[in-house]
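Participant: The lines below spell out each chain.
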Amino acid sequence: MNSTRTSRATAIAAALTAIALAPFTAQAQAAAPASAADEIAALREQIRLLDQKLRVLERNLEIKDETAAAEAKKQPKLTASEGRIEIASADGANSLRLRGLVQADARFFFDDADAAQDQFLLRRARLGFEGRFAERYSFIVQPEFAGSTVSILDANLAVAITPALNVRVGRFKTPVGLEQLQSDSVAFFNERSIATNLAPNRDVGVGAFGSVFEKRLGYQVSVTNGVIDGGNSPASSANPEGDFTLAARLFATPFAEDKDSPLKGLGFGLAGAAGNYGGTTANPLVNAYRTDGQQTFFAYRGATVADGTATVLSPQAHFYSGPFGLLAEYFRNTAELRNGANAREVTNQAWNLSVGWVLTGEEASYRGVTPKQAFNLSAGTWGAFEIVARVAHVDIDDNVFVGAGTTSLASPNNATEITSYGIGLNWYLSRTVRAGFNVFRSDHKLAPAATVPASGNALSDDETVFISRVQVAF
Amino acid sequence: MKLRLFPVLAAALAALSLAPAAHAQRAARPVELLNVSYDPTRELYTDFNRAFAAHWKKETGQDVRIRQSHGGSGSQARAIIDGLAADVATLALAFDVDVLHSRGQLIPADWQSRLPHNSSPYTSTIVFVVRKGNPKGIKDWPDIVKPGVAVVTPNPKTSGGARWNYLAAYAYGLKANNDDHEAAKKFVGDVYRNVPVLDPAARGATTTFAQRGIGDVFLAWDNEAFLALREFPNEGLEIVVPSISILAEPPVTVVDKNVDKKGSRKVAEAYLKFLYTEEGQDIIGKHFYRPAVSEAAKAKYASQFPAITLVTIDEVFGGWAKAQPEHFGDGGVFDQIYRR
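Protein chains in written order, with numbering that gives the first Met the number 0: chain A, 0 to 473; chain B, 0 to 339.
None of these hints come from the bench; they were simulated from the model. Since no wrong hints were added, every one of them can be taken at face value.
Here are the computed distance ranges between Cβ atoms for each label pair: (1) B:Ala269 to A:Pro261: 37 to 47 Å; (2) B:Lys297 to A:Phe254: 51 to 61 Å; (3) A:Lys76 to B:Pro324: 31 to 41 Å; (4) B:Asp334 to A:Ala159: 40 to 50 Å; (5) B:Asn117 to A:Ser364: 47 to 57 Å; (6) A:Ala33 to B:Lys138: 27 to 37 Å; (7) A:Ile39 to B:Gly132: 19 to 29 Å; (8) B:Lys260 to A:Val471: 30 to 40 Å; (9) B:Thr45 to A:Tyr136: 32 to 42 Å.
Ideal placement from N, C-alpha and C gives every residue a C-beta, glycine not left out.
If we strip away everything but chain A, and leave its shape as in the complex, we get (with noise of 0.2 Å):
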């Protein structure tokens, strides 16, 4: 800035100085001075006359770059950086974001051969949009191309009324799960474990959330249509019972805001929902259960629907510590089913532990990791690596399979109680770009009076599969 101020002055002093001392060399020729006093006065007064002028001159050039600055920081802000496209108004207020999301699968599975399909698969493809306006009004409206139907994920406005107390409407994920929660591209693995099977994910609502006590305590409350178990709500927003769910979480940081304390990555809380279900056999509000590879393991019966009360309560954790991750949550859900007269109410319960351990020293943390330098082969650098694992249990109520014939809740060919075990590396390239892969080892435990499942069937042995993906999200 220096260099090229001065090199600006020089060029015009050079200028001035030729304009200038022209008139004063012709004056010289023509008439001798009248004394050098005279003439080192006029000398003087030449000089400071070219002084002035350049001090002008630099200094109109001064204000018009501080002009020019000024009226930039009024303008619209157009970002277009890795991880970040977005145009906003000059003061944040209003702004609108791209938001994307693919994850490319190829899947393997190595003992169950005949059941299971190795695949590559297209496991999500979402592109959408989040934005502002006034400051306080924000929206997101976030579509899924995976799939063979294109359907919509996410979709709500919120309005922040103060940083305690916002409320939002429309489609968004039901707060129970804490895995559910976190969002797919940064998650350990890259499918969530078999708990998340017991925890309900996107419905239509309203609700409020917040945080209060310096951000030390964060809330969320629901009042939706009601989905059980993992599953979203239909896109027909049905309600066939006509009643609510209520769903509310309460998950403390108490130490988020304390940057040197070692518990700043603690986190801890507990969820739960409570609502009344009456699923018809076309829309039974019961959903089956999978595995890691997306098999099912846990199905009801068709005629198995949800008739009566359903919670669930999940006490949840994290904590992050420089390197260091760690995830837990257990669900306890009890829901009262019926097939046909045999009524039953019933208690499943899961619980999930995962691990992780950046290798190249980047922050864990609940909302991903971020690389310190890209993977670029010629500059030598790889990204970040971290190593994952997981262990992972579902148990199904015995009282499922309680009836004669086809009147219990579920067949007896299913798995009662599963235990997954993962391992994984993740791979980040940039902050958008990662490569995820996964060995889960399933082993199950069939129903008290299943028949042993016939070759190709998905719990005719035990499931281990390896799963790889490609990721970018922004």
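Following the hints, put chain B in place on chain A, whose structure we already have.
Facilitator: For chain B alone, coordinates are given in the frame of chain A:
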């Protein structure tokens, strides 16, 4: 467990019950104000903000943090209209505050009657600053239109102080020419013909004159003149008091729409009222502004202000509502005389 109307109401009540809790939380939490002001008031409000924060803490137990934004008064008014979330506006002249009502609908029309002394807790005027020894022999207005005298004054299109400078010169032009407006225009035109740099705001003009060494005379707020002398002691700058100048009354106001939106009205109003307290008026005098209401502060600082004949904008120009479009509007007198 039937979840029909009752739970919905319960949830709504639960959410609403958080609102007062949030309010209580807000009362205990530090509050923040944004004071959008004109250029030369930086030092005044830095000092004043410290005093007010201590006062507010003592009165309410609440911490208050006051952010300052400074620039040309006209530019600052436009920034507020464009969305700068000012809690209070402390601008150089009433017209710039008026536009917050007329163009922005951010304050009521009667804003000026809400605080004492037409919402102007301090006044100021325009004086000359010359170089060491006053080499150009500048004593009064006619001296600054002489050929070879370079005058430093900011751009009246963007700077409130510059508009006061212009009007002071025009007032002299009228007085010297028996209220002949054409002669007054010619006089002001001659002044601006001697202006080599038009800074966007008053502080920039101080920089131009005192720091960059441009010009022979600097038309300045008297507080800015004193500040220049204090900040640049080695320059040997001197203040020259002209035979006539203008009484500048910089006004203050709460920006109603913003404080209601942010919930900061109470502290914003208290902030402005504190300007009228003995403590506030003393700080005002300390920073070379003329205290408007406190007799004690007026007496204490009287000696630092030179005696000068002051005219008012109302008596000479018919008020800001008339003077602004006539002189500084597009195609107005300033545009006519400042064609280069």
